[in-house]
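**Q** The task is simple: from the sequences and hints, build the whole structure.
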Amino acid sequence: MRTMSVLDMFEFKTDEETGTLPRKEARPKTPLSQIETHEGQPIKIMTRNLSVFYGINQALINVTMDIPQKAVTALIGPSGCGKSTFLRSLNRMNDSILGARTDGKVLIDGINIYAPGINVVALRRLAGMVFQKSNPFPKSIFDNVAYGPRLHGIQNASVLEELVEEALKKAALWEEVKDRLGRSALELSGGQQQRVCIARALAVNPEIVLMDEPASALDPISTAKIEELIHELKKNYTIVIVTHNMQQAARVSDFTGYFYLGSLVEFGTTKKIFTTPDKKETEDYITGRFG
Amino acid sequence: MRSMSVSHPTTHELLSQKGFRLKEWLIERMLVAAGITSIAIILLIFLFLFKEGVQFFKTASPFDLIGKTVFDPYEERHVFKMMWQAVSVLPKYSLIPLICGSLLVALPATIIAAVFGIGCAIYLSEMASAQLREFLKPTLELLAGIPSVVIGFFMLTLAASFFQGIFHTKFRLNAFVGAVGVAIATFPIIVTLVEDALRAVPRDLRDASYALGATKWQTIWDTVVPTAISGISAAMILGFGRALGETMIVVMATGKAPIVTGNIFSSVRTMTANIAAELGSVAQGSEHYYALFLVGSVLFTMTFVLNLTSEIILTKMRRKLRM
Numbered sequence: 054m055r056t057m058s059v060l061d062m063f064e065f066k067t068d069e070e071t072g073t074l075p076r077k078e079a080r081p082k083t084p085l086s087q088i089e090t091h092e093g094q095p096i097k098i099m100t101r102n103l104s105v106f107y108g109i110n111q112a113l114i115n116v117t118m119d120i121p122q123k124a125v126t127a128l129i130g131p132s133g134c135g136k137s138t139f140l141r142s143l144n145r146m147n148d149s150i151l152g153a154r155t156d157g158k159v160l161i162d163g164i165n166i167y168a169p170g171i172n173v174v175a176l177r178r179l180a181g182m183v184f185q186k187s188n189p190f191p192k193s194i195f196d197n198v199a200y201g202p203r204l205h206g207i208q209n210a211s212v213l214e215e216l217v218e219e220a221l222k223k224a225a226l227w228e229e230v231k232d233r234l235g236r237s238a239l240e241l242s243g244g245q246q247q248r249v250c251i252a253r254a255l256a257v258n259p260e261i262v263l264m265d266e267p268a269s270a271l272d273p274i275s276t277a278k279i280e281e282l283i284h285e286l287k288k289n290y291t292i293v294i295v296t297h298n299m300q301q302a303a304r305v306s307d308f309t310g311y312f313y314l315g316s317l318v319e320f321g322t323t324k325k326i327f328t329t330p331d332k333k334e335t336e337d338y339i340t341g342r343f344g
Numbered sequence: 082m083r084s085m086s087v088s089h090p091t092t093h094e095l096l097s098q099k100g101f102r103l104k105e106w107l108i109e110r111m112l113v114a115a116g117i118t119s120i121a122i123i124l125l126i127f128l129f130l131f132k133e134g135v136q137f138f139k140t141a142s143p144f145d146l147i148g149k150t151v152f153d154p155y156e157e158r159h160v161f162k163m164m165w166q167a168v169s170v171l172p173k174y175s176l177i178p179l180i181c182g183s184l185l186v187a188l189p190a191t192i193i194a195a196v197f198g199i200g201c202a203i204y205l206s207e208m209a210s211a212q213l214r215e216f217l218k219p220t221l222e223l224l225a226g227i228p229s230v231v232i233g234f235f236m237l238t239l240a241a242s243f244f245q246g247i248f249h250t251k252f253r254l255n256a257f258v259g260a261v262g263v264a265i266a267t268f269p270i271i272v273t274l275v276e277d278a279l280r281a282v283p284r285d286l287r288d289a290s291y292a293l294g295a296t297k298w299q300t301i302w303d304t305v306v307p308t309a310i311s312g313i314s315a316a317m318i319l320g321f322g323r324a325l326g327e328t329m330i331v332v333m334a335t336g337k338a339p340i341v342t343g344n345i346f347s348s349v350r351t352m353t354a355n356i357a358a359e360l361g362s363v364a365q366g367s368e369h370y371y372a373l374f375l376v377g378s379v380l381f382t383m384t385f386v387l388n389l390t391s392e393i394i395l396t397k398m399r400r401k402l403r404m
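These protein sequence lines map, in sequence, to chains Z and Y. Under this note's numbering, the first residue of the first sequence is numbered 54, with each subsequent residue one higher. Under this note's numbering, the first residue of the second sequence is numbered 82, with each subsequent residue one higher.
Each computed SDA-like pair below joins lysine to any residue, with the alpha-carbon atoms no more than 25 Å apart: (1) Y:Lys401 <-> Z:Gln185; (2) Y:Lys297 <-> Z:Gly170; (3) Y:Lys401 <-> Z:Ser237; (4) Y:Lys218 <-> Z:Ile150; (5) Y:Lys337 <-> Y:Phe252; (6) Z:Lys186 <-> Y:Arg399; (7) Y:Lys297 <-> Z:Phe106; (8) Z:Lys186 <-> Y:Arg284; (9) Y:Lys401 <-> Z:Ser193; (10) Y:Lys297 <-> Z:Ile150; (11) Y:Lys162 <-> Y:Thr140; (12) Z:Lys186 <-> Y:Asp285; (13) Y:Lys401 <-> Z:Ser242.
Quick look at which bits of chain Y chain Z covers, simulated, 3 or more residues with Cβ under 8 Å: (14) 286-294; (15) 299-308.
No lab work stands behind these hints: they were computed from the structure. Since this is a predicted model, take the numbers as computed values, not measurements. All C-beta atoms in this analysis are idealised placements derived from N, C-alpha and C, irrespective of residue type, glycine included.
**A** In structure tokens, the structure reads:
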């Protein structure tokens with residue numbers, strides 16, 4: 054399977070799902086390679102004045118953020134600060150929440166994913182997601198990983214086998230499960246289940262992997278494995294990770310954003326945020342004086 | 082300032098206080114008693130049915146329950162007949178026509194109710210808006226509240242003629258008419274149980290499916306329904322048990338002819354209809370009386386096994402979903 058390019062979002066059949074194609078001006082004006090941050094990293098995801106409302110509650114207030122390509126960006130902040138909401142708005146998972154409304158823009162490779170005519174199915178293929186609680190389907194390990202490719206129409210058994218093996222290898226799980234792919238994924242340990250979920254997300258060849266506290270329910274050894282994996286994955290993927298654990302953010306991420314009460318307080322390289330943050334609030338949170 | 086004259090109990094005094102509370106003790110015992118009573122009642126019914134049923138064998142052989150070789154005056158020879166003909170010079174107590182009738186009504190009824198019920202449950206749990214569901218659920222519960230005699234009456238008077246008009250059947254009252262009536266009675270149970278099973282599928286799994294780019298339909302068919310499949314099967318088995326036990330509708334709408342047949346448009350007599358029709362007019366302690374208890378025992382065993390199976394499946398599913 055070839056790697057998915059962002060333009061595939063428009064090549065997909067979108068008629069019944071979403072209607073018309075986006076207008077021309079929604080396409081990137083500047084080629085991706087020319088957009089760069091202050092750190093010299095090209096930008097993968099840009100949000101511009103992103104606000105999310107649940108009914109009358111505003112969960113996210115005018116967040117403007119540039120997420121670099123092929124790097125790990127950590128989102129930290131106290132519970133209820135909007136970091137998960139932000140993460141879920143990057144692949145429009147908030148769409149399925151009743152009464153959720155999004156304002157502003159999220160641009161992936163310069164394309165606004167909230168523009169009319171965007172194919173949400175293709176978007177989610179581009180930006181996979183790993184959840185807080187490992188949530189493998191009550192199916193075999195193989196069927197779990199093959200779920201995504203099958204959804205997108207791959208039926209050929211040998212192609213599927215290849216994809217599953219590749220994904221499990223990327224998720225550093227292949228050696229542990231290669232002899233029992235037919236067994237239920239629920240028989241695995243918590244850490245292994247979470248890696249099945251990661252493999253499942255990787256099997257559709259995304260460019261972006263969104264992780265919502267992927268290790269919060271795991272023991273220290275499994276957590277270490279997941280962190281190692283994240284480190285490995287950033288060579289090929291743009292990773293955005295929400296975490297409660299500040300040491301984890303410091304260990305795995307290259308960039309960190311600190312959220313508080315729905316706003317992005319500060320964003321910068323992890324080194325800077327953890328050593329010389331610009332804002333007093335950030336420093337207070339990092340040093341544990343608050344939160 | 083707080084007065085210091087209140088003496089605080091020592092740790093020893095505190096811990097050796099009597100922790101006994103009469104009211105709680107009584108309530109606890111009453112609840113235990115209530116639980117035991119219901120189990121006891123079931124056991125007693127079970128025992129009573131079997132005690133009476135077994136006495137049939139005092140006078141008859143177990144083979145009589147399958148059929149009897151009798152002289153057929155028309156063919157002028159002895160033939161083996163599977164008949165229920167309890168009031169006769171030579172009574173025949175074959176259970177085959179009754180079991181056959183019960184299955185011929187209950188199976189199609191379950192299939193009809195399942196097709197509509199599962200569809201309806203998927204709509205209710207996955208697609209209907211909250212307001213619509215709030216309207217539809219009570220309506221369905223109302224359907225469950227229709228007395229079966231009313232459904233039977235409706236099938237007997239209106240629906241039977243309607244179906245005869247469509248299918249041009251020989252007999253106006255037949256297994257199919259009964260099955261449709263029983264399906265109406267079973268439908269709300271299946272909808273409720275299937276909907277429970279679907280809603281028990283964790284939101285995480287749906288999210289995971291959506292996050293992989295699945296559409297709503299793909300999520301329903303590839304994740305929600307397969308995850309809930311044991312609950313759905315349990316609902317169908319329970320529905321089948323209810324359909325087997327349904328009495329009033331089949332008494333009124335199936336024609337009550339105890340015939341061994343596979344034709345769904347033939348008149349049939351179910352085990353329940355047979356008991357309902359005959360037990361009132363039978364001499365207590367007669368062979369016929371015991372035979373009817375035997376029919377009851379068979380019916381009870383069948384529904385008991387079905388309910389037990391469905392309960393086991395449900396327990397396994399709950400464990401699987403870690404609920």
